[in-house]
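Chain order of the listed sequences is C and H.
First residue of the first sequence: 387, per our numbering; consecutive thereafter.
First residue of the second sequence: 387, per our numbering; consecutive thereafter.
No distinction is drawn between identical chains; accordingly, a pair holds when it is met within one copy or between any pair of copies.
Here are the simulated lysine to aspartate or glutamate pairs, DMTMM-like style, with alpha carbons at most 20 Å apart: (1) Lys527 - Asp428; (2) Lys527 - Glu516; (3) Lys527 - Asp513; (4) Lys439 - Asp451; (5) Lys439 - Asp417; (6) Lys527 - Asp451; (7) Lys485 - Glu516; (8) Lys485 - Asp513; (9) Lys527 - Glu444; (10) Lys439 - Asp420; (11) Lys527 - Asp482; (12) Lys439 - Asp416; (13) Lys485 - Asp451; (14) Lys439 - Glu468; (15) Lys439 - Asp409; (16) Lys439 - Asp410.
Honestly, the hints are just simulated from the structure, not real lab data.
Number of protein chains: 2
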Amino acid sequence: MTEHSLWRFSRALHRALNERQHDDLAAAIDDNVDWAIYGPIDMFPFFGARHGKAAVLEVCRQIADNIRIHRYHREAVMLGVESAASMVRYSLTALDTNKPISLRIALFAQFHNGRLSSMRMLIDTFDLVEQTLGHPIPLPKIA
Amino acid sequence: MTEHSLWRFSRALHRALNERQHDDLAAAIDDNVDWAIYGPIDMFPFFGARHGKAAVLEVCRQIADNIRIHRYHREAVMLGVESAASMVRYSLTALDTNKPISLRIALFAQFHNGRLSSMRMLIDTFDLVEQTLGHPIPLPKIA
Numbered sequence: 387m388t389e390h391s392l393w394r395f396s397r398a399l400h401r402a403l404n405e406r407q408h409d410d411l412a413a414a415i416d417d418n419v420d421w422a423i424y425g426p427i428d429m430f431p432f433f434g435a436r437h438g439k440a441a442v443l444e445v446c447r448q449i450a451d452n453i454r455i456h457r458y459h460r461e462a463v464m465l466g467v468e469s470a471a472s473m474v475r476y477s478l479t480a481l482d483t484n485k486p487i488s489l490r491i492a493l494f495a496q497f498h499n500g501r502l503s504s505m506r507m508l509i510d511t512f513d514l515v516e517q518t519l520g521h522p523i524p525l526p527k528i529a
Numbered sequence: 387m388t389e390h391s392l393w394r395f396s397r398a399l400h401r402a403l404n405e406r407q408h409d410d411l412a413a414a415i416d417d418n419v420d421w422a423i424y425g426p427i428d429m430f431p432f433f434g435a436r437h438g439k440a441a442v443l444e445v446c447r448q449i450a451d452n453i454r455i456h457r458y459h460r461e462a463v464m465l466g467v468e469s470a471a472s473m474v475r476y477s478l479t480a481l482d483t484n485k486p487i488s489l490r491i492a493l494f495a496q497f498h499n500g501r502l503s504s505m506r507m508l509i510d511t512f513d514l515v516e517q518t519l520g521h522p523i524p525l526p527k528i529a
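Use the sequences and the hints to build the structure in full.
Structure, rendered in structure tokens:
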């Protein structure tokens, strides 16, 4: 049984982010990949939409410049023939401040001939912003 | 072929939220359901973790008191035997202010004997907070 494309992609992504080895990642991404991490791009310029392999590799370099992954735990995973969905809990360090950051990412991926062709990621971004700022943002109670 | 439990649950949830008809939802939820919507519970008290059918029905009543669903579009869905993952884009109205709210939800669900036994939802909560406040929150650029 062949390894699912998600495992190859995840391994290559983590290697790119933590070891700055981008060759495996380049080989695991389709030339016409469609990519989006939903969140505040003013604070995190590596969030947002990217199109094409070069743009995705460049944004992964930017992410690698900003964080280091310490641990991750896959809380849920669903695998299709050329698709995958997963919820992953990450323990990171923000490299500029050396702050620990803990966050969950929900990702929905599609693959074409084994290479990543579409990726959508959702994060509890309010929590991420507060952790990054290092203090709570005061909020009204609405309900 | 039997309908997947996700469709039954989603229909019952939307009926509970928009029509305040909670019977179908009660029938679609396991007594020992484990439920979490990750996000700022100070602002949205209906976020956070709930355990057991009564607590989940109560939180769905609170959500129904606060929003109305206008449209939703399922951008991705993966179905397993007793599991499902989906990314859904919702157009809502916040009932207290009559403000339109647009958000994506990533959900990971598990079912036991056809009833919802576990639900985890992730939302781009920073965007949701800004839409609810009606103005942007100033942020520093970190990268």
